[in-house]
Amino acid sequence: MERTIRVLVAKPGLDGHDRGAKVIARALRDAGMEVIYTGLQQTPQMIVEAALQEDVDVIGLSILSGAHMTLLPKISRLLRDQQMDDVLVVAGGIISDEDAITLKGEHGIAAVFGPGSNTNDIVGFIRTNAGIARDS
Amino acid sequence: MYIPDLLPRLLGGDRRALARAISLAEQGGPASRALLAAVYPHTGQAHVVGITGPPGAGKSTLVNALALEWRRRDRTVGIVAVDPTSPFSGGAVLGDRIRMQPLGGDPGVFIRSMASRGRLGGLSRATADAVALIDAAGFQVVIIETVGAGQGEVDIARTAQTTIVVEVPGMGDDVQSIKAGVLEIADLFVVNKADREGADKTVRQLRSMQRLGAPPADGWEPPVLPAVATSGQGITEIVESAGQHAVHLRAGGGADARARATAEGELRAAVQELAIERLRGPAWDALVAQIAARQNNPYSAAEELLRGL
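Chains as they are written, first to last, in the numbering used here: chain R, 60 to 195; chain A, 393 to 701.
Extracted from the complex, chain A is given alone in its bound form (with noise of 0.2 angstroms):
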């Protein structure tokens, strides 16, 4: 597909621009920036919703119920799920798509699986770019899953407006959700396969939890919402508590604070990308030989190369 189709067709809400797009994203590179510059002015107009959580807490299961919830409220859905890639080959498997089959056939619903391709933080270095090109093509509500996080993968809250944790009974005790990370980011705490044992106390340590603090600065006390994403059992309640966080954020309650925090994180990650684009060469093939000989260092080295640019 020519590229300069792409943005008219894209913005007509065509699936495999939107697919072909993304990919080009993935890639990166001057055609990807260029095709990113001309969508920017149509995006900002979906609910960006994260949802974060350890390994087999249900995310992907949650999505799906989410979504189905969302198309049962006639909102076009978006959805980005993040595996992640093998440090060892490079390649990965992207196995959310299987929690995801009753979404299939569905003309107001598009997948896409992105490997988080080295990126650590739960997601992809292409997240943003992915959420900007669904947005674009006219999706309401756009979902990211992010790859199984403990405690340290936090981006997703400068790039989604509303972040959901998921976490399930057993998971450790009162200390944990205490430590910083994960659980400072969310918006909303969902407690899934609360029809197991232990998932009332996983419910109150979290609220317990949030009662240790000071009040939130920005008005909006996360709640804590039990689930059985298999059985749809609290889904409309999520659906329902993430509408109203997209409200309060419009209604001055830190909206502009975010969108300020996103919009830092997305000229960062551009200026980076684009400097060490251009910083790459013979130059900075001869400063890594010397780094790894020991006759250099990372700092020395990178002050040299900038002052080159």
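Isolated chain R (complex conformation) (with noise of 0.2 angstroms):
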């Protein structure tokens, strides 16, 4: 039976900048995703309680304000401490490319979208790797 893909649109840090998660919030929601939209300023442990309540496939992290360093590995570190590492972690926002590299090695980050990202292809992304760890 096919599932509704099931996406948690996060904010972590402390920047205010929404726009770009509304857009792949839509963009998601035209291809037909669930997205639970959480609004600004999460702390790591509120992103993840939230995808543990809403057991989304998929935690897309939209972050500006340069602290992805700290802020996405953390994340990584609690899913794991829940036993949540079957869910699919991507991230966009103003990462750099050796930034990604690190967090796309060592940080369980799946896929990182910068500026520019076409949405059809993180939509295809998702598609095509959610939910592959968790039905195995």
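Hints in this document: simulated from the structure, not taken from any laboratory.
All figures in this text were calculated on a predicted structure; none of them were measured in a lab.
Hints should not be assumed to be uniformly reliable.
[Claimed, not checked] Distance ranges between label pairs, derived from CB positions:
1) R/144 / A/423: 20 to 26 angstroms
2) A/588 / R/164: 50 to 56 angstroms
3) A/497 / R/142: 15 to 21 angstroms
4) R/142 / A/657: 32 to 38 angstroms
Note that the Cβ used here is the ideal one computed from N, Cα and C, for glycine as well.
Combine the two chains into a complex, taking the hints into account.
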């Protein structure tokens, strides 16, 4: 039976710019996914707890403050602690290529989508990769 | 998570098991029905409170304020917040959690967002199942927030024990308030944003609408309570009034009638789901094609399918 993909879109940290997050939420909705949008200034604990309660397949994190090397690894660590490693985590925002490589290689972030990314690519990536770990 | 493990973990209050169980219920199918059948004897403990009203009336903010007040009274609170599914893409943006951030991090609170998934009436097919699962997991109050509802979305009254209808000032003349529908299902009226102009008038209109009719058969006169959910004004009165309504129901003022209506709704939904699941197949598809081509009609086709059951 085909399950509807559920995605938590969250903004960790202190920056107050959520236009990008809203564009993504809208694109995922139009692709037939259920998007839970939690609003601004979420702590890693709040994000992981919301992901747990909502039983999402994917967490999309938008971060523009520059604190991604602190906050994103922390979220991955909390997910591991909760045995929620099967949740696909993708990030977007202002993240340098170098940092993106570290986040993907060492901190469990599946993909990083910077400014100018095509929403179709993001939808495609999520469709291909969501729920694989969960259903196996 | 292996499904037989879900039940004991759920009954023990494990939040992850509860979250998974709700997903299973949303998906439907035999495994979901088996789980819900096993959970059913453990339900019926929670006070189920429904919140409905037009979009933008402040339902999410009110739910947040009510949940905080119940937590101050040491009651654990589960919340099911329903938002509409797009009729075009099947997707949804569920934004009720934005207004509930103050509840984050409290282990005595569990919030689940649900998409209506094509169901009209303000709830989704699996909303009652989600409520049952949260109830079985031990939460003492379960709040259901419907999609923004106008006039006809009255499903909530069959699922909740206490239904709160939220209105705001300036939503139309007093004839609106004697129309059939949402206003008839209220056990409590809340006039939110009561710091705005016209709030007194809205309160007066709702009260005088009630006086136009005969006194309620079950002896419960729905109070009309002004509130400002963003500042917490009027919230203790609502929580107390909801508590009094629960006591009133238990004292025989209609609890049996409610329970019967809820039970009938649940049975109807289960029969519908099971029947459609069993009837779907090549014959179903053939009849759909015939109806689309106007060679058959839905009524004769339904008769034909049910004869084969």
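The hints, checked one at a time:
Between residue 144 of chain R and residue 423 of chain A the beta carbon distance is about 23 angstroms. The supplied range of 20 to 26 angstroms therefore holds. Roughly 54 angstroms separates the CB atoms of residue 588 of chain A and residue 164 of chain R, a value that falls within the hinted 50 to 56 angstroms. At roughly 19 angstroms, the beta carbons of residue 497 of chain A and residue 142 of chain R sit within the given window of 15 to 21 angstroms. Remark: the range hint 32 to 38 angstroms for residue 142 of chain R to residue 657 of chain A is upheld by a beta-carbon distance near 36 angstroms.
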